[in-house]
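Colleague: Model the full assembly from the supplied sequences, consistent with the hints where possible.
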Amino acid sequence: MKIWQALKEAISSLTANKTRSFLTVLGIVIGVGAVIGVLSLGQGAEASIIGQIESIGTNVIYVFRGNTSEDVTNPNSLTTADADALANRTRAPHILNISPVLAGQSSVRFGDESAQTSIMGVVENYAEVTDIGLSEGSFFTESHLTNRSSVVVLGPKLAERLTGRQTELVGTTVHINNYPFRVVGITKAKGGNQFSSPDMDAYIPITAMQLRVKRQSVPNAVDFLLIQAQDSQSIDDAMQEAKNILRTSHRLSSRQPDDFTMTNQQDVLSIANSITSILTIFLAGIAGISLLVGGIGIMNIMLVSVTERTREIGLRKALGARKFDIQLQFLTESAMLSVFGGLIGIGFGWLLGEIVGAIAANSGTPLVPQISLNSVLLATLFSLAVGIFFGWYPALRAANMEPVEALRYE
Amino acid sequence: MELNPQAVRPVIDVRSLTKDYYIGEIVVPALRGIDIQIFPGEMVAVMGPSGSGKSTLMNMIGCLDSPTSGEYYLDSLLVSDLHDDELAIVRNQKIGFVFQKYNLLPRVDAIENVALPLRYSDDTSNMRQRAEAALESVGLGDRMHHKPNELSGGQQQRVAIARALVNQPAILLADEPTGNLDSQSGKEVMELLLKLNQQQNTTIVLVTHDPIVAGNAQRIVQLFDGLIKTPEVVS
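Chains A and B, in that order, are what the protein sequence lines are.
Counting from 1 along the first sequence, just add 673 to a position and that's the residue number in my numbering.
Counting from 1 along the second sequence, just add 10 to a position and that's the residue number in my numbering.
Simulated from the structure, these hints should not be mistaken for laboratory data.
Be aware that a few hints might be false.
Only pairs whose alpha carbons sit at most 25 Å apart, straight line, appear in this in silico BS3-like list of lysine-lysine [to be verified]:
(1) B:111 with A:996
(2) A:675 with A:916
(3) B:157 with A:691
(4) A:675 with B:197
(5) B:197 with B:157
Modeller: Have a look at this one:
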């Protein structure tokens, strides 16, 4: 028997029993739907997390004080002097920009409105290093830095919160830690979540930060350094150069471990990536169990169907059907059931992802479910495999029936 | 038509055929050494009481089961030691079955039922035309698209006969073909079988309880306890 004939017969036999076929398929629909839904949400979550991390800026290396993986006592503070040392084109050709950051919490007040938020003491390079754009005005300049000027660049959310608007704010005055600061610019919105967003930050010259907001016991100490590499390929070189320079300026002997820690955007990205993919695989695996249950449902119904059609099998054998013909007939039926279920399940999973995505968007978390062609193909092939795997035994049982006994079956 | 059995090779040639069934450890001999020769164009009735082995003999002749010992030549081919799949091909090409309970597929119409053996054959060309021709030859040219439940018992049995004929087999095996029919339909079915035998020279082997049905045959084979009693010529 040709395969297209088997397909035709399978359609006729499955449509003869519509309710049963539908109920049998339901298990596969739910299984595939759950897998596709989880995969689409997982991929959406991954894209959303990567987007947030990348919003901080690419090719950026973070340098923190201290080293938790080695035994380091009394690590040197990172200072603006370290930043100056790193800005050495001959020793560090792969480093493009450096920005030391002195960060602290403080109140920002405009008129009667005030907010407790992160104040970032940075240098003029910071806008370039973190790829922060300005929607209005400009970032502060080197002369603001040397003059310890009281100027501030506000995040758009912070501006909105304080003044109720995001535009026409250049030239107004806000009070940070009760010192008046003149607004020189507003940054572009970058997103993020309600817990941490650069849109709620305020940026002031690091010199003004040291003077008016966060006095340091160690002069010129900063919280961390941001280093921008030339491009993503030169990150490793830039890290090596930065390490050598910092070891020299911290006067570390060759036996002493680093008293600072470096990490880069790529590391953070790959950690986030592996966390989301592990979660996705784990959840999809759990969802896959329901696919297994669906497969067992198909096997059960196929066994019932084989028993019900014992006489038909005997007749077909009497008329010249070989074992292979009978096996093909029943395998086609089970495979068709599960592939059909799989296709409906893909639609169902897509719907599930969209619904969860909409709920997440309503509660303020941007999550756009993504269904890749790969996951659709995988789901289709997997449901085909489920149909063949769970249809194999019933089909074999049908194929191995003795024609005489099958014909005699009542 | 006059036959000279000596000049023609038999289409069915069964020699010392035995068949044992096993019920647990107990051996039940169903056939205990059968010799039959049936020649092309013959119509032979197999009779015998229940348990005499006539169903077993039919299964052997129909290649649905393999004998325990002995030889069976069908159309000069030794089929008694063929494998399952080879037997399936023999059944498809050389044997047409007519069952007591018609055994039509309920989901499909008459023409699809008749075409079913063609689906399992190598030659799948012109399936519809060949099935239509077979249905017309049993007088059901106007019932081609009726499903079995839209046909009377006699009509269903005629569809089954058309299905048996569609591959132009060497023999037609009919197992109580009138057993489920009222006397009028039974008569019509028997007339059809006789017509096929006489006009188209179809070899027919008929299993029946009914002496009137058996009386249509040229020869009656009486089975008793797995052995042939005495072959008697009727007409």
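Colleague: Which hints, by number, does the structure contradict?
Modeller: 2 and 4
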